[in-house]
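Dock chain B against chain A, hints included.
Residue numbers (this note's numbering), protein chains in the order written: chain A, 1 to 85; chain B, 1001 to 1174.
Hint data in this document are derived by calculation from the structure and do not stem from the laboratory.
Please note that a few of the clues may not be correct.
Stated by the list, open to error - Which residues of chain B face chain A? A few of them, derived with a C-beta cut under 8 Å, are:
| id | residue |
| --- | --- |
| 1 | G1021 |
| 2 | R1039 |
| 3 | A1044 |
| 4 | C1074 |
| 5 | L1094 |
| 6 | R1118 |
| 7 | L1122 |
| 8 | A1123 |
| 9 | L1170 |
Said to hold, decoys possible - Straight-line C-alpha distance at most 25 Å; calculated PhoX-like pairs for lysine-lysine:
| id | chain 1 | residue 1 | chain 2 | residue 2 |
| --- | --- | --- | --- | --- |
| 10 | B | K1100 | B | K1066 |
| 11 | B | K1052 | B | K1125 |
| 12 | B | K1147 | B | K1048 |
| 13 | B | K1052 | A | K10 |
| 14 | B | K1147 | B | K1037 |
| 15 | A | K15 | B | K1147 |
| 16 | B | K1066 | A | K17 |
| 17 | A | K10 | B | K1100 |
| 18 | A | K15 | A | K67 |
| 19 | B | K1100 | B | K1037 |
| 20 | B | K1037 | A | K15 |
| 21 | A | K10 | B | K1147 |
| 22 | B | K1100 | B | K1147 |
| 23 | A | K17 | B | K1125 |
| 24 | A | K67 | B | K1100 |
| 25 | B | K1100 | A | K15 |
| 26 | A | K10 | A | K67 |
| 27 | A | K17 | B | K1100 |
Claimed, not checked - Ranges of calculated distance between the beta carbons of each label pair, as one might list FRET restraints:
| id | chain 1 | residue 1 | chain 2 | residue 2 | range |
| --- | --- | --- | --- | --- | --- |
| 28 | B | F1040 | A | T79 | 39 to 47 Å |
| 29 | A | S58 | B | D1155 | 17 to 25 Å |
| 30 | A | L46 | B | F1040 | 18 to 26 Å |
| 31 | A | D80 | B | D1038 | 35 to 43 Å |
| 32 | A | T79 | B | P1076 | 34 to 42 Å |
| 33 | B | V1127 | A | N65 | 35 to 43 Å |
| 34 | A | D80 | B | K1048 | 39 to 47 Å |
| 35 | A | S54 | B | K1147 | 28 to 36 Å |
The beta-carbon is built from N, C-alpha and C at its ideal position, and this holds for glycine as well.
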Amino acid sequence: MPTVSVTVAKDVTEKIKAPRAIFLPWPMGHHFGVPFHASLQRRVLLEALYLLESAQVSGTIRDVNVKWADVRREAKTLTDQGGKL
Amino acid sequence: MTEANSSLADPRETGTQLRPGLWQTVNERYPGSMIEKDRFVPLAELRKPLSKARLTLISSCGVHAKTDSSLDVCHPFGDFRFRRVPSRLRHQDLIIHQLKYPHDDADVDINVIFPIERLQELASKGVLGGLTENFFSFIGYNMDPEKFERTVAHDIAEAVVTEERADAALLAPA
Chain A
1 MPTVSVTVAK DVTEKIKAPR AIFLPWPMGH HFGVPFHASL QRRVLLEALY LLESAQVSGT
61 IRDVNVKWAD VRREAKTLTD QGGKL
Chain B
1001 MTEANSSLAD PRETGTQLRP GLWQTVNERY PGSMIEKDRF VPLAELRKPL SKARLTLISS
1061 CGVHAKTDSS LDVCHPFGDF RFRRVPSRLR HQDLIIHQLK YPHDDADVDI NVIFPIERLQ
1121 ELASKGVLGG LTENFFSFIG YNMDPEKFER TVAHDIAEAV VTEERADAAL LAPA
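Isolated chain B, as found in the complex:
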């Protein structure tokens, strides 16, 4: 395939990133909103087999229980709060409040973006040792990544370790 042909290739068929250059595009549109780190954090090893590990799920998809108040999708700087999502809930118990990604399919089946029922199945089959009582979700859109790290990221991390006693975390940016 020539370079010219390659640039015209359909990424749905080639298996390449469907929206290339996303970081640069968003950072040009909203300067300073995108996170960039200088170095990798040390790799934290899983200290027990998956079949004995308690997993948590953390997602920027903006899902929460229908019984909870919704997050603010309209604030120009973003909503620096998060929601605990009980891991026993099912698709019909949950709702998405997010404007920055298409969630038509996730509205039909929440597992498309927040695979809560699939994780319940893996835990019940013993692939996982268990799930934390709560999962976590927030709205990924915000204009102040440093404030986000100080508030949402810090508070979720603390809850995951001290309240939920998770052994590992699955991160699902939406």
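Extracted from the complex, chain A is given alone in its bound form:
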């Protein structure tokens, strides 16, 4: 069964030796971002699905370079606007 994992703990994923994973430098419980940020949640999914198709070697961990500070700033904008990004 082809699998792809979404992790915020790269060291744990390395120990487990998952076949494919994307790593996000985000807190536990926030693997797909922040509430109502649908475009960011979708982006994480698409990054994972892309790796599902493209990985050539078992143990591939691909970094998704989106800083948590930037996510929080976007979340604040979202809250201030009272809408959904």
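Just chain B now, kept in the frame of chain A:
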């Protein structure tokens, strides 16, 4: 940046793991509770395009339908059961029972940890061929990883293959 400065850098700004050394920390606190494998499993290839593939979602986030009984969050060794989560459900149909990670934001929008509505959208747009009828969730906290593999992991894997006929699985450890 010097080594001293690097160690003081805010990981939220540098884009590094926010909680470094998590495996070691948990394994020291709960000896033997963390999984470590000696070798990689062979890479299973996706045998059809995503647009024709049926995807399942498996998460340790402890989410389940509000109509189902909750998992046991208080047992000292963990709850070695899982819940099927119908993939057609929406945020308001679901609830989280888990004590080991912050889920305040996921309580507001379940897609933060269990992106069920985003997956429904990708399937309806044809990015995915479809979703399995059920997704799967369990409580990640447990003190016996070997028993976990024999029970929860084995039973979910069997259901994913024989009942749900998934072509691929998205794993979301919480």
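Are D80 (chain A) and D1038 (chain B) spaced within 35 to 43 Å by their CB atoms?
-> violated, 50 Å
Should the hint that F1040 (chain B) and T79 (chain A) are 39 to 47 Å apart at their CB atoms be regarded as holding?
-> holds, 42 Å
Assessment of proposed distance window 35 to 43 Å (beta carbons of V1127 (chain B), N65 (chain A)) = About 23 Å separates the Cβ atoms of V1127 (chain B) and N65 (chain A), which means 35 to 43 Å is violated.
Regarding the hint that L1122 (chain B) lies at the interface with chain A, is the smallest CB-CB distance below 8 Å?
-> Where the cut-off is 8 Å and the nearest Cβ of chain A is about 6 Å from L1122 (chain B), the hint holds.
Satisfaction of the L1170 (chain B) interface hint, Cβ to chain A closer than 8 Å = holds, 6 Å
Agreement of hint R1039 (chain B) with chain A interface, Cβ distance less than 8 Å = holds, 7 Å
Between K1100 (chain B) and K15 (chain A), does the CA-CA distance stay at or below 25 Å?
-> Holds, at about 20 Å.
Starting from K67 (chain A), check that the Cα of K1100 (chain B) is at most 25 Å away, please.
-> With Cα atoms ~23 Å apart, K67 (chain A) and K1100 (chain B) stay inside 25 Å; holds.
Proposed proximity, K10 (chain A) with K1052 (chain B) (alpha carbon, max 25 Å) | Not OK: K1052 (chain B) and K10 (chain A) at ~30 Å, beyond 25 Å, violated.
Does the hinted range 28 to 36 Å hold for S54 (chain A) and K1147 (chain B) at CB?
-> holds, 35 Å
Measuring from beta carbon to beta carbon, are T79 (chain A) and P1076 (chain B) in 34 to 42 Å?
-> Check passed, 38 Å falls within 34 to 42 Å.
Cut-off 8 Å, beta-carbon criterion: hint that C1074 (chain B) touches chain A = violated, 19 Å
Violated hints for the displayed structure, listed by number in ascending order: 4, 5, 8, 12, 13, 16, 23, 31, 33.
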